[in-house]
Amino acid sequence: MTAPALPDEPTAAGPAAPVLALDGLSVVLAARGREATILDGVSLALTPGETVALVGESGAGKTVLALAVMGLLPDGMRVTGGRIVLGGTDLLGASASALRGARGGAMAMIFQDPQSSLHPAFRVGAQVAEAIRTHQAGVSKADASAQAVELLRRVGIPQADARARDYPHQMSGGMRQRVMIAMAIANRPRLLIADEATTALDVTVQAQVLEVLKTAQQETGAAMLVVTHDLGVVASVADRVVVMYAGRIAESGPVDTVLTEPAHPYTRGLLAAVPRLDEAAPVQAIPGQPPSPFARPSGCAFRTRCPLADERCEAEDPVLVAFGADAGHAVACHHAGGPA
Amino acid sequence: MTTPGEPGGAVRRSGVGELPLTGTASLFDSGVRTGQDLARDPGGAPPPARFWRRYARKPLAVIGAVILLVLVTAAVFAPVIAPEDPTPQLTAEILADARQGPSWEHPIGTDKLGRDQLSRVLYGLRVSLAVGVGVAVLSVIAGVAIGAWAGWRGGWVDGLLMRFTDLFLVIPALVVLLVVANNPDPSFFGLFDLPPATEVPGMIVLLAALGWMPMARIVRGEFLSLRERDYVEAARAAGASSRRIVFTHLLPNTVGPIVVFATLAVGIAILNESVLSFLGAGVQYPAVSLGQMIADAEDTVGTDLAYLIVYPGLVLFVLVLAFNLVGDGLRDAIDPHSRD
Amino acid sequence: MWKYVARRALASIPVLLLASVLIFLLVREFGADPARQRCQASRDPQCLTRVRAELGLDRSLPVQYLDEMKNFVTGQWGESQRSDRDVSELIGDAMRETVPLAFWAVVVSLGAAVLVGVTSARHPGSVRDHTFTVLAFAGIAMPTFWLGLLVIQLFTYELQQLLGLSQPIFYSIPNPIGSGWVDSARELALPVFVLSVQLIAGWSRYQRAALSDELHGDHIRTARAKGLSERRVVWKHGMRSSSTSLVTVVAIDAGALIGGVVVTERVFSRPGMGTLLLAALRDGDTNVLIPWMLIAGIGVILANLAADVAYAALDPRVRLTSGNPT
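Protein chains in written order, with my numbering: chain R, 350 to 689; chain U, 2 to 341; chain D, -2 to 323.
Simulated from the structure, these hints should not be mistaken for laboratory data.
Mixed in with the good hints, there may be bad ones.
Pair by pair, the computed Cβ-Cβ distance ranges are [as the list claims (entries may be wrong)]:
(1) D:S123 - R:D605: 50 to 56 angstroms
(2) U:A97 - D:G161: 29 to 35 angstroms
(3) D:V2 - U:L161: 23 to 29 angstroms
(4) U:V67 - D:L13: 37 to 43 angstroms
(5) D:V2 - U:Q285: 44 to 50 angstroms
(6) U:S243 - D:V104: 49 to 55 angstroms
C-beta atoms are modelled at their ideal positions from N, C-alpha and C, and glycine is treated no differently.
The shape of chain R in the complex, shown without the other chains:
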């Protein structure tokens, strides 16, 4: 079971060669004659085996970023600038068939709602087998089915050979999400994207599915991009965190640094909004709403909700710059690290 070779297989270049590199990615939504910037010059790189968490409120552009990488942007959205490079191949310049070859092959995505994401009328085993046969030429139907059962077993589905003949509606949410994971790792992708993969599940099942996801990643050695708004998920799986606000990166850095010493007022706000058992401090929600992409404020997009905002924030767009002592920590804020 080998993934189809990409033209530019990273060889001895070492861990530095990124699996996925986004460079100034911009996405625009056109609706009713108006245009809105959904992603604005986002740059990001994932190295093999690394797990990066993408966090932020709804509408920050996390899912759009994931869909842009997969080439699955919904109608009305399009990439207007930047590059998406997967293992050396520029996906934006790739032909439709090359992109299809990468989808489900070198990169795979797990979606939020396992209830609706699986086809209701096909058996789960067949859906996994279809992913195998799509990308691995010459695998017979029987072999693909056998491999599918093996994959289902590996993601922890008991009696996988019997359950493979189930339809999605006969399974629980956690089991369905395991099927989605089996489908995603079927072709040993080098990039695994999990978009709120545990959000729709029961809390008790979330941890199990996260564990399956982590194991799957370790077995395949893939880089993983985890889109979530749940900082608990971030803490348990991520190596690095990228905090997004209104289509831009507000802060990024190693998970320990960002979660313990957040430098952006928005990151601090997110952390303060998490209920904790060990602290008496009351939960504080960030006041206000994220701006509509159709009515983005001038200067820093967060200034309308920021306790530190001043005239400079209104006049001048902050750029993402290195911050503090920890390598890789970067913040886009005029008052980075300022009084909390």
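Position chains U and D relative to chain R; hints supplied.
The following block gives chains U and D in isolation, referenced to the frame of chain R:
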């Protein structure tokens, strides 16, 4: 969407249906929508200004409205506009005028008995409109009554009434209409006489008897979803009577779908009346009907006199088309989510 | 699956019984009185009584009903009161004419409606989509009988005039292999076209709406994320889940199809079930009328049963969870 696994079996699978004689069940439901979806907005129809703006955005809907206006005006003022009596005493003088081509005197010629074709088309249009509107009104009354009863009471009343409705839905309507229209003195089980279908009132009753079902299904669906709404619960808790809740809360919120149904029902009734008339089972002399005119001129097919069937048919076609365009436009203006 | 089919088939039996009662009441109570139809021209004051007794109409309704049903079930359909031919023979001959017409109309309509609907759903807002929308509106509003007459006029007169042919254009199509297939295709082509227009118009809109709903669904996004070709995404994943809607609407239109057959046969002067019905109605031939209606009723019920089975075959949720009627 359709509701799989509904117990009704044979005829209960979907929210679709209406009664075309020769056509298709999909007109009322060219989307896979049910009544519930038509009034997804809890507030019912949008305010008038926004409604008309939305309506005006669809060119086909505007064209339909303009055509309809012209045709209705022509029908209302037919006695003024029509150059001649559509059903004159057949004197030798008139008979001598038979089968004249278009001229100043007879803009679209004369029929095989020398009667002015334009006058006959105008009076036929009146009959078509009268039948169409009459059937729509009666169907709405019957459909709303049955649908509201079923939807409000629920339980076995609902089950029984809907089974009854479904039975009517799958009946080959044209066959039933032909059988009944063939009876010169129909009665209701000998209890009371029914108006014969050879006259306009009888035709209206007959067509409405087989045209109310989609209305019942739509209203029932609306009621089933509306009665669970908070404000209805609140009214019930406050001790409002069923009648009061139905008439002040539920029915006003169902106006949109009712209007759409009524508009489309007019077109269908007009088509159905014309088919019956064409088959010789419709309204008879002295009433003029477009279907009857076409049947009268059928022997001209294959000759150069076939234009005698062209104009009545064209008016019929354009009239039905206009009603359908307006109905479709109204549906989209009431609920912009209903399509695309 | 077979259990499901069996359960559905059993559930059709009471529906069939109810339908037979309604058909009987319709013909006897709401239809024209055959005795009066016969006696219209007669001056004999005893005519009505005599014909009623002859036809057995003087018995009570339940007795008449049971008698009719017994005859129908045992195959003793009697003779046509007009032509003295066996009714079973008449209906058999008519079915041989009508079944091909209806069958090809459904096949052509389904094929065209799926193609049109899929094209529209895949390219919403395109020129093709708008064109199909306008055509669908026209098709739905088109009086079938008028379209039929126009088509006949076109092929028997206008084209002949235009091209200066000596005979109607239809018989100018060569039949070099002399095959009966070509002849029957030539004969069926126009009626099938006329009968299909409204069906295609309605069904294609339905297919478009159902598929475009599906194509925005999460499971379609999953199919794309797997790297499937667009063709496979649409025709395998999209069609599979949207086809249940089409199956439903096709079944509901079975009754409308019967109406369409009556009109089409009448316009094209073709023998068949429609022509037989119109003759029986005209002549007050209840011996033909009641079996005719029962056959039509069975046809509609079978169409719905077939749709149920197809629905269950297409959607596992139906056949696996419908054991518990609510």
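Verification of the hints:
1. D:S123 - R:D605: 50 to 56 angstroms: Given range 50 to 56 angstroms: holds, Cβ gap about 52 angstroms.
2. U:A97 - D:G161: 29 to 35 angstroms: holds (34 angstroms)
3. D:V2 - U:L161: 23 to 29 angstroms: Since the Cβ atoms of V2 of chain D and L161 of chain U sit about 26 angstroms apart, the hinted range of 23 to 29 angstroms holds.
4. U:V67 - D:L13: 37 to 43 angstroms: violated (49 angstroms)
5. D:V2 - U:Q285: 44 to 50 angstroms: holds (48 angstroms)
6. U:S243 - D:V104: 49 to 55 angstroms: holds (50 angstroms)
Consistency with the previously given hints fails for number 4 only.
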